[in-house]
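As they're listed, the protein sequences go chains A and B.
Heads up: the first sequence begins at 1 in this note's numbering, then just goes up one per residue.
Heads up: the second sequence begins at 1001 in this note's numbering, then just goes up one per residue.
Derived from the structure by calculation, the hints contain no laboratory data.
Some hints here could point you the wrong way.
Listed below are the simulated DSS-like cross-link pairs for lysine-lysine, each with C-alpha atoms no more than 25 Å apart in a straight line [claimed, not checked]:
1) 1226/B <-> 1039/B
2) 137/A <-> 1057/B
3) 1057/B <-> 1226/B
4) 1057/B <-> 138/A
From chain A, some residues computed to sit far from chain B (all C-beta separations above 12 Å) [claimed, not checked]:
5) 83
6) 101
7) 107
8) 130
9) 138
In this text, a Cβ means the ideal position worked out from N, Cα and C, and glycines have one as well.
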Amino acid sequence: MVQADSDLIDTENLPSGRRRLVADARSHAERCLAMAPQDGRCHYARAIVYGLAAREQPLQAGVLLKNMLDSLVKAAALSPTIDHAGPARLQAIVLLRAPYWPLGPGDVDAGLAAAKQAVAVDPTFPGNQAILREAQKKAAARQ
Amino acid sequence: MVSLLTAAAALLVFCAPGYPGAGGDAQPLVDEFAAAATKAAGLPEGSLAAVYDADEKSDLARLARPDAVLAFVPWPFYVQHGAELHLTPLVQADVLPVGTVQRWTLVARSGHAPPPAGLAGVDLISTAGYAPAFVRAAVSPGVPLPANLTITASGQVLSGLRRAVNGEPVVLLLDQEQSAALPGLPFAAQLQTIATSRPVPVALIAVVGNRLPARKASAIKEALLKLASTPDGAATLGRLRLKGFVTPDLPAAGAP
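I would like the entire structure built from these sequences, with the hints used as guidance.
Right, here's the structure in full:
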């Protein structure tokens, strides 16, 4: 359901329409968590909603991305294999591309660790290999 | 002669090397700023455009173009390139949450010797590493630094701090926001401050060469100084993490 909301948001041009769709997605994720708080898929969905909200509200992005990472950590602990190691892969994406400390949660070291975790869980998924290459490139650049 | 501000749009270049945000992310915010400044200065709509660029080389290329009449620059950028670009300060930025001036702090692993001796053979990492003239003046004013010191520009300060704690020959020059966040790190107790700069401006807007007629420059300066006094202006500034602008009060020559 949240994935469907996310797809709809990508096709909506009006900011007001996107905000409404983010609210719908948040509602769906919260309902999922209320029904199954130990299901990693619900935490994963909640994380995606935080990410969507961060894109729509850049001034609150710092807090929203931190919440997103917290939800992804829970999702990875409960259901590490969903979406081809999606919780670890998304953690890596956020940690590698968000503004660096202290302006945001960006952290290349932690991003590299998350990317390695994603590849360890599902080495055949191209997205995991791609984010690992990005992480290794950024880690090499910091030396 | 037709004024630049009545012909094609003149350009304000937001030079932000080392700062986050691809141009695409920040561009709507600087577009909004340019529109607000243009309106406040009573200039024709669309006569001033702005561009955000977080790459130093690209910033320099943009500023070399004749349509670049104004530059928003961090103080390190001004120290490094102000003379060669003929930058004349117009207003000084009041930046959230730091203010108009800030101290830079040199941080190393606990027990590390202070500069200049403590910088022999180490890698100094900083978001301002692209401006070695600023870095040298900030960490050791008036005293030459060891020839084998290397200075690296990197936004990955957190990784650098971990490397320092792990015993690698690394020191970090932090801006005030970074040093304020330092105590929150789990390994903060293993780090120490070994030098602190004098207060220096955070950032300023400067006129590039003589590309902006004095009358227009004056109108823009007055508009920028008053921009924060209206709710809309304050909101526009806030989205760029700015509180407003003040008349420049720069350190004496020779200061970092």
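query: What are the numbers of the hints that this structure violates, sorted from low to high?
result: 3, 6, 7 and 9
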